[in-house]
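These protein sequence lines are chains G and R, in that order. Residue numbering for the first sequence follows this note's numbering, starting at 6 and increasing by one per position. Residue numbering for the second sequence follows this note's numbering, starting at 41 and increasing by one per position.
Derived CB-CB ranges, DEER-like:
| no. | chain 1 | residue 1 | chain 2 | residue 2 | range |
| --- | --- | --- | --- | --- | --- |
| 1 | R | ALA112 | G | SER166 | 51 to 61 Å |
| 2 | G | ARG146 | R | ALA185 | 42 to 52 Å |
| 3 | G | GLY250 | R | GLY156 | 17 to 27 Å |
| 4 | R | VAL51 | G | GLY149 | 39 to 49 Å |
| 5 | G | GLY250 | R | ALA277 | 25 to 35 Å |
Using 30 Å as the maximum straight-line C-alpha spacing, the simulated DSS-like pairs for lysine-lysine come out as follows:
| no. | chain 1 | residue 1 | chain 2 | residue 2 |
| --- | --- | --- | --- | --- |
| 6 | R | LYS266 | G | LYS218 |
| 7 | R | LYS266 | R | LYS218 |
| 8 | R | LYS218 | G | LYS315 |
Chain R is nowhere near these chain G residues, computed Cβ spacing over 10 Å in every case:
| no. | residue |
| --- | --- |
| 9 | ALA10 |
| 10 | ALA75 |
| 11 | THR185 |
| 12 | PRO216 |
| 13 | LEU279 |
None of these hints come from the bench; they were simulated from the model. We treat Cβ as the ideally placed atom computed from N, Cα and C, and that holds for glycine.
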Amino acid sequence: MNAFAEFALGPFSSLWHAGNLLDKAGLLMFASTGAAFALKSGTFNLGGEAQIYASALVTAMILSTPSAVAAAELAGSGGSAGPALFFFALACALALAAGGLLGFIPGELKARFGASELLTSFLLSAALLPVIDFLIAGPLRDEGKNLLATPAIADAFRMRSLLPPSLMNASFFLACGTATVAALFLSRTRAGYRLSVAGTAPEFARFAGFPVKRITVAGMTASGALHGLAGFFAIVGTWFMCHQGLSSGMGWSALAIALIARHNPLAVIPASLLYAWIESASDIAVLSSRVSFDSTAIVQGVIFLFISAKLPIAGQLRAVLKKRRAR
Amino acid sequence: MNGVFSAFTGVLDSLLPAASPLLLASLGALVSEHAGVLAVFMDGAINFGGFVCIAVTGATGSPLAGVAAAIALTVLLLFAVSRFTERTGANPFLTALSVNLLSSGATSLSSSALFGTRGTVALADFSGLDLRLWYFPASLAAAAAVSFFLQRTLAGISLRAAGSAPEALAARGGDPGKYRTLSWCIAAFFAACAGSMLTLDLGAWVPNVSAGRGWTALAAVYLGYKNPWLCAAAVLAFAGAEYATNILQGLGRMPATIILGLPYALALVVFALVPQRKQ
Chain G
6 MNAFAEFALG PFSSLWHAGN LLDKAGLLMF ASTGAAFALK SGTFNLGGEA
56 QIYASALVTA MILSTPSAVA AAELAGSGGS AGPALFFFAL ACALALAAGG
106 LLGFIPGELK ARFGASELLT SFLLSAALLP VIDFLIAGPL RDEGKNLLAT
156 PAIADAFRMR SLLPPSLMNA SFFLACGTAT VAALFLSRTR AGYRLSVAGT
206 APEFARFAGF PVKRITVAGM TASGALHGLA GFFAIVGTWF MCHQGLSSGM
256 GWSALAIALI ARHNPLAVIP ASLLYAWIES ASDIAVLSSR VSFDSTAIVQ
306 GVIFLFISAK LPIAGQLRAV LKKRRAR
Chain R
41 MNGVFSAFTG VLDSLLPAAS PLLLASLGAL VSEHAGVLAV FMDGAINFGG
91 FVCIAVTGAT GSPLAGVAAA IALTVLLLFA VSRFTERTGA NPFLTALSVN
141 LLSSGATSLS SSALFGTRGT VALADFSGLD LRLWYFPASL AAAAAVSFFL
191 QRTLAGISLR AAGSAPEALA ARGGDPGKYR TLSWCIAAFF AACAGSMLTL
241 DLGAWVPNVS AGRGWTALAA VYLGYKNPWL CAAAVLAFAG AEYATNILQG
291 LGRMPATIIL GLPYALALVV FALVPQRKQ
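Chain G extracted, bound-state conformation (with noise of 0.2 Å):
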């Protein structure tokens, strides 16, 4: 029992361990909103891996371009922010655009050749990676410093902590922010209803003249695009560079997590704060035991078994739900 209580709380120790479980959070936010609208439109989006990562290195690279390091030294010297802003919201934009691409190919096959996205999306991120892996350790490295990464980014890019001296800061909020615009869309707007109709009841939107290919191929981008977003905070408010496995696992953790949300961008607000807490307390417990793994792969692993499972427990359960509700 104590050793549990150990595991369950260790996240709560520190005010480092509670930010950064925040801060954690606040990006699988992003993400998971992403998989969320994949899911919504009746796709599956397993490229979550490579759009993160490469927005990510996007990021990192226009905030290390020469102009706007001269932006962001004009900005901290106390004079016009107004370039800095412009490269912050060109890093931003294009970080984006590039999770956008990523989610858009395998949407487009799947529209035009009819491609499984399942399977396109999975080896598009898995022959990329690689590839980012080597733009980082080899072109695009900081060749002053010990580690595989981009060059840090300035101080005037960096989002400020709101929790020191953890990693916490703003982007947790606009997390919170995204999904939930992302879930009135869904439910409030003629194209979220589309969407969702597109993903639940292809027949019957083909039936109603909605174009339900197009519809396919924005949803994925759309995933894509918040996939990006996550790799755009986790430079500006998180790491400041784009080091060498910077993802690690986090699409993984994005989907297991939406599929927790049943496809729900609101339900990904507690679902993502529940899944940091368990990643984090299992780091913990990884970090101060003997032995060391992938805690992560074992998580994501019994997440996706269980998942689409209908138990027999779960079912008596709704059934007594059911009774106390009629009664």
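Model the placement of chain R on the given structure of chain G, informed by the hints.
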């Protein structure tokens, strides 16, 4: 002329053994695809089987025991996952995907707990098996066996019916779920064989020893139009491409990291261009 001939046989000597694990894996994937539940767990199952093979070979000193244990445990694992999937009505794509993740977590946990490393697990004083010559003929024999099984046996025909017309199979008293489970067990068997072949050839297990072969195997199934013999041809084409990139790498024309992504890129092109069954 003699020189050209010996160069050609030299290429074949390295190409055919290298193609063998991929051929075995694609045969397993092929059977699962015919049953309508594509084995997206191949990559994880190869890594898992390879790990068990090295661990047991190291403990007992007998590669035969290693291979037997790899087959037994991998088949048992996928049997359990398939039964679970059928009993709970879970999405077979998701449960198969979970095997990849669990395999990576379980092998990293066991290699850390048993061998105190998260990296390479090498067999001490292992000289390797002198069986390389037999890899390809054995794999071709397996292709023949799979072809015979699917075309000529009642179980094979029922298994295909479980994929193409499950209602018809059920109406005739067959249980499609049972044949789907059988197909995953066969896929697991071939994955364990492929994993053992890869690791015994190296005399070691390394994380992700499959290097994406589980995914290329799936692509080979479609490129081979779900026919075992055409699959073998597709696998040879893939192996040839791998051979060519190895030469490019040797010449220093291409960075080693990027080459890790090529099997996936190749599979992507196949999936994009070859028509598939609707998911």
